[in-house]
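Number of protein chains: 2
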Amino acid sequence: MARKKNAFYAQSGGVTAVINASACGVIETARKHDDVIGKVYAGRNGIIGALTEDLIDTSKESIAAIRALRNTPSGAFGSCRYKLKSLETHKREYERLIEVFKAHNIGYFFYNGGGDSADTCFKISQLSEQMGYGVQAIHVPKTVDNDLPITDCCPGFGSVAKYVAVSALEASFDVRSMARTSTKVFVLEVMGRHAGWIAAAGGLIEDHGIPVVILFPEVEFDEKKFLARVDALVKEHGYCTVVVSEGCHYPDGRFLAEQGTRDAFGHAQLGGAAPVVANMIKDALGHKFHWAVADYLQRAARHIASKTDVKQAYELGKKAVELAVKGHNAVMPTVERVSNVPYKYRIGVAPLAKVANVEKFMPRDFITADGFGITAKCKRYLLPLIQGEDYPTYENGLPVYVTLKNRAVAKKLSPFELK
Amino acid sequence: MARKKNAFYAQSGGVTAVINASACGVIETARKHDDVIGKVYAGRNGIIGALTEDLIDTSKESIAAIRALRNTPSGAFGSCRYKLKSLETHKREYERLIEVFKAHNIGYFFYNGGGDSADTCFKISQLSEQMGYGVQAIHVPKTVDNDLPITDCCPGFGSVAKYVAVSALEASFDVRSMARTSTKVFVLEVMGRHAGWIAAAGGLIEDHGIPVVILFPEVEFDEKKFLARVDALVKEHGYCTVVVSEGCHYPDGRFLAEQGTRDAFGHAQLGGAAPVVANMIKDALGHKFHWAVADYLQRAARHIASKTDVKQAYELGKKAVELAVKGHNAVMPTVERVSNVPYKYRIGVAPLAKVANVEKFMPRDFITADGFGITAKCKRYLLPLIQGEDYPTYENGLPVYVTLKNRAVAKKLSPFELK
Numbered sequence: 001m002a003r004k005k006n007a008f009y010a011q012s013g014g015v016t017a018v019i020n021a022s023a024c025g026v027i028e029t030a031r032k033h034d035d036v037i038g039k040v041y042a043g044r045n046g047i048i049g050a051l052t053e054d055l056i057d058t059s060k061e062s063i064a065a066i067r068a069l070r071n072t073p074s075g076a077f078g079s080c081r082y083k084l085k086s087l088e089t090h091k092r093e094y095e096r097l098i099e100v101f102k103a104h105n106i107g108y109f110f111y112n113g114g115g116d117s118a119d120t121c122f123k124i125s126q127l128s129e130q131m132g133y134g135v136q137a138i139h140v141p142k143t144v145d146n147d148l149p150i151t152d153c154c155p156g157f158g159s160v161a162k163y164v165a166v167s168a169l170e171a172s173f174d175v176r177s178m179a180r181t182s183t184k185v186f187v188l189e190v191m192g193r194h195a196g197w198i199a200a201a202g203g204l205i206e207d208h209g210i211p212v213v214i215l216f217p218e219v220e221f222d223e224k225k226f227l228a229r230v231d232a233l234v235k236e237h238g239y240c241t242v243v244v245s246e247g248c249h250y251p252d253g254r255f256l257a258e259q260g261t262r263d264a265f266g267h268a269q270l271g272g273a274a275p276v277v278a279n280m281i282k283d284a285l286g287h288k289f290h291w292a293v294a295d296y297l298q299r300a301a302r303h304i305a306s307k308t309d310v311k312q313a314y315e316l317g318k319k320a321v322e323l324a325v326k327g328h329n330a331v332m333p334t335v336e337r338v339s340n341v342p343y344k345y346r347i348g349v350a351p352l353a354k355v356a357n358v359e360k361f362m363p364r365d366f367i368t369a370d371g372f373g374i375t376a377k378c379k380r381y382l383l384p385l386i387q388g389e390d391y392p393t394y395e396n397g398l399p400v401y402v403t404l405k406n407r408a409v410a411k412k413l414s415p416f417e418l419k
Numbered sequence: 001m002a003r004k005k006n007a008f009y010a011q012s013g014g015v016t017a018v019i020n021a022s023a024c025g026v027i028e029t030a031r032k033h034d035d036v037i038g039k040v041y042a043g044r045n046g047i048i049g050a051l052t053e054d055l056i057d058t059s060k061e062s063i064a065a066i067r068a069l070r071n072t073p074s075g076a077f078g079s080c081r082y083k084l085k086s087l088e089t090h091k092r093e094y095e096r097l098i099e100v101f102k103a104h105n106i107g108y109f110f111y112n113g114g115g116d117s118a119d120t121c122f123k124i125s126q127l128s129e130q131m132g133y134g135v136q137a138i139h140v141p142k143t144v145d146n147d148l149p150i151t152d153c154c155p156g157f158g159s160v161a162k163y164v165a166v167s168a169l170e171a172s173f174d175v176r177s178m179a180r181t182s183t184k185v186f187v188l189e190v191m192g193r194h195a196g197w198i199a200a201a202g203g204l205i206e207d208h209g210i211p212v213v214i215l216f217p218e219v220e221f222d223e224k225k226f227l228a229r230v231d232a233l234v235k236e237h238g239y240c241t242v243v244v245s246e247g248c249h250y251p252d253g254r255f256l257a258e259q260g261t262r263d264a265f266g267h268a269q270l271g272g273a274a275p276v277v278a279n280m281i282k283d284a285l286g287h288k289f290h291w292a293v294a295d296y297l298q299r300a301a302r303h304i305a306s307k308t309d310v311k312q313a314y315e316l317g318k319k320a321v322e323l324a325v326k327g328h329n330a331v332m333p334t335v336e337r338v339s340n341v342p343y344k345y346r347i348g349v350a351p352l353a354k355v356a357n358v359e360k361f362m363p364r365d366f367i368t369a370d371g372f373g374i375t376a377k378c379k380r381y382l383l384p385l386i387q388g389e390d391y392p393t394y395e396n397g398l399p400v401y402v403t404l405k406n407r408a409v410a411k412k413l414s415p416f417e418l419k
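Same order as they appear, the protein sequences are chains A and B. full-length UniProt numbering puts the first sequence at residues 1 to 419. full-length UniProt numbering puts the second sequence at residues 1 to 419.
Same shape as in the complex, but just chain A:
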């Protein structure tokens, strides 16, 4: 019993349709290993919960409630945007984390997030050794941006990709119907500030007969070339669809969304890339347009989640606990692709030292030579990730998503001030 330790789990950064499926994997698996893992405490609002000793006792949640996490989008314990900076300048915060872990007999740290949290996770594992209070730190990958290295894909991405492909296909059918007398160009803005993985998913509708132009953050925006491409597609097909990444930018680095726009009172206006692209087409080519900005709808869309994605999210959470039980530290479970058709993968493991602070962009050979589409190689990569549907149950017309009780653990330490 001496070595039985509690676990800490926290969600970090932008949430996804399946991050709770990872939480479900972590908690269900930890419950199975109750010989070595005591309670699973979750951080209320991510790592802030650990810093402020605001811990949630997940043992108060029923088996059914934890099970329901698998089908519930968003972060059930709250997430946060709070980057722990360098160990040198912000040692006070790292030390506080270890202090909280010590006070609550926490020996396992599961951090569910993207690149920044992988970095934090790595630092905590290092510091805990230095401070003589050993904490096994395991990172559970999560990011709709799909930009973590080593792992073949990141949980959250497959579902956004499916949402974008399905939505773009449906809206394209719509535009095609209207093009004779009305809308000829539909512009859909999707997430991805640095990497174009999400925008790339829009390219999958090409094989369904839809003329589509993709604007990636990896390709510098060339207005003239872009307008020529749209013009050619509208002339040939009567309509076209444009999928633009929010990170699409000019050669000088300025985002398309930054137009220096002012309202009637001279206030700077924030807008999306989609209306900018749409108006550009209208001004140059005269085509009637419609545009949509999917924003949170895309990453929260559990109703159209990829079954593959949900499964992997769960499995990676499960694997994180299994790695911890086996004594691993400073690692992240990964998806290792074995084959495309049929899609086969296995869950692997990567050292955090190699994960932290590395961003994975779209390879050049995933983007067509003209920069406006995806290659066959990219399609072979993407298609397995959107396979399968994993519908939530519905009651009274709406999905049944769980809201946990989130009971607090009694505090043992003096308050800590966030800076």
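Calculated from the structure, these hints are not laboratory results. Any given hint could be a false lead.
A pair holds if it fits inside one copy or across any two, identical chains being indistinguishable in the list.
No more than 20 Å apart at the CA atoms, straight line, and that leaves these computed lysine to aspartate or glutamate pairs for EDC-like [claimed, not checked]:
(1) K224 <-> E236
(2) K282 <-> E258
(3) K60 <-> D116
(4) K288 <-> E258
(5) K360 <-> D116
(6) K307 <-> D390
(7) K307 <-> E389
(8) K379 <-> D365
(9) K379 <-> E395
(10) K282 <-> E223
(11) K311 <-> E395
(12) K412 <-> E95
(13) K411 <-> D365
(14) K360 <-> D283
(15) K411 <-> E95
(16) K419 <-> D152
Since the model is a prediction, treat every value here as computed from it, not as a measurement.
Go by the hints and put chain B onto chain A.
The following block gives chain B in isolation, referenced to the frame of chain A:
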């Protein structure tokens, strides 16, 4: 055989997730009545197809293809925005329609659309009598705006309502997760230029614990009152969701989306209501926001269509043909609600004279006293319409939607110039 006539079917105005389900109902039912109905010709791009004698021979489509229309969003034959004006000033066009019908032995006119097309349908029935070539004109209701009179609801609306409620629920869970350190207000813009039915659907998430503010076109926008409401909700819950109708406007009639916004070059910028509302909140209350504009995604979202809506769309198409076979003219099949719980309805019939040019707005007792929410009465009305899921089949991760062959019927008349 003398009385056997062909039928003409056309889709009009903005398409929906289920207008093709009505087409399916019309064509399948007409095929069953082949003793009195010959072929079903569809207008390519709506009524323009009739004017230009660009008819599609639906008999060339397989049983499976017509069946697949039930699950395919958009308008399979093309739609158009082309309003036939008054009989007095545009008699030439109405006469051309009768001429085309005569040339192709068309005795049944099925027009699938909203208020304007109901009016056209009515006029055609009147004129055909005057011109001595009897055409039975039956209107099949369709509009996401849900603003047709007499019928309890309009096909297309239930599915948009479901999409909006599901999406707003999911995004609200997302914001709730992020609110501690990041986004506190999520703004979703939905369709509805004149009537707030679609925005109202956002109010259904209130019963799932979400603090939500609805901005209806029926309620004049009061910035001060609105900001106070948002402020109170964020103070109480830590976050809130705003669902704003594109038709939301100031007391002087100016739409929120019209902000007189100029880009760096002084060009007027078109934007949505959502970014305007979001920036208003940021400026006054300082909250971080996210906003989405669903646009076509909402009305094309067959993947999350309401089963009730799909069923009614089909049944109204079917009933239209049955009414025609029974000799009815200048009518529209309707949905007559019998009870809310359990939801029961029957298909009725309304004279077109009473349908044409009447818009149905949200009743005042469907909107809460403060103008920012929906009442229990409204919820009782809306809930049955979003009941049930009717998923399309998927192949390789994407829905299987049909694209018809759309073979043209040989022309018999001289060309007609559209004005």
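Here's how the hints hold up against the structure:
When the C-alpha separation of K224 and E236 is checked against a cutoff of 20 Å, the pair qualifies only within one copy, where the shortest distance is 18 Å, while the shortest distance between copies is 50 Å. For a Cα distance limit of 20 Å, the shortest separation of K282 from E258 qualifies both inside one copy, at 18 Å, and across copies, at 18 Å. In this assembly of identical chains, the alpha carbons of K60 and D116 never lie at most 20 Å apart, being 30 Å within a copy and 58 Å across copies at closest. Proximity of K288 and E258 under a CA criterion of 20 Å is satisfied inter-copy only: 18 Å between copies versus 23 Å inside one chain copy.
Proximity of K360 to D116 under the C-alpha cut-off of 20 Å is restricted to the intra-copy arrangement: shortest distance 13 Å within a copy versus 52 Å between copies. Both within a single protomer and between protomers do K307 and D390 lie at most 20 Å apart by alpha-carbon distance, with minima of 5 Å and 18 Å respectively. Proximity of K307 and E389 under a CA criterion of 20 Å is satisfied in both settings, with 5 Å inside one chain copy and 18 Å between copies. Taking CA atoms no more than 20 Å apart as the test, K379 paired with D365 passes inside one copy only; the shortest distance there is 11 Å, against 52 Å between copies.
In this homomeric assembly, K379 and E395 come within 20 Å of each other (Cα to Cα) only across copies, at 15 Å, whereas the closest approach inside a single copy is 36 Å. In this assembly of identical chains, K282 and E223 lie within 20 Å of each other by CA distance solely inside one copy; the values are 13 Å within and 31 Å between copies. Taking CA atoms no more than 20 Å apart as the test, K311 paired with E395 passes between copies only; the shortest distance there is 18 Å, against 23 Å inside one copy. Taking identical chains as interchangeable, the C-alpha atoms of K412 and E95 lie at most 20 Å apart only when both belong to the same chain, with a minimum of 16 Å there against 86 Å between chains.
In this assembly of identical chains, the alpha carbons of K411 and D365 never lie at most 20 Å apart, being 53 Å within a copy and 49 Å across copies at closest. With identical chains, the CA atoms of K360 and D283 are never at most 20 Å apart, being 36 Å at best within one copy and 36 Å at best between copies. Taking identical chains as interchangeable, the C-alpha atoms of K411 and E95 lie at most 20 Å apart only when both belong to the same chain, with a minimum of 17 Å there against 83 Å between chains. Taking the closest pair of Cα atoms, K419 and D152 never come within 20 Å of each other, the shortest separation being 36 Å inside a single copy and 57 Å across copies.
The structure fails to meet hints 3, 13, 14 and 16 from the earlier list, while all remaining hints are met.
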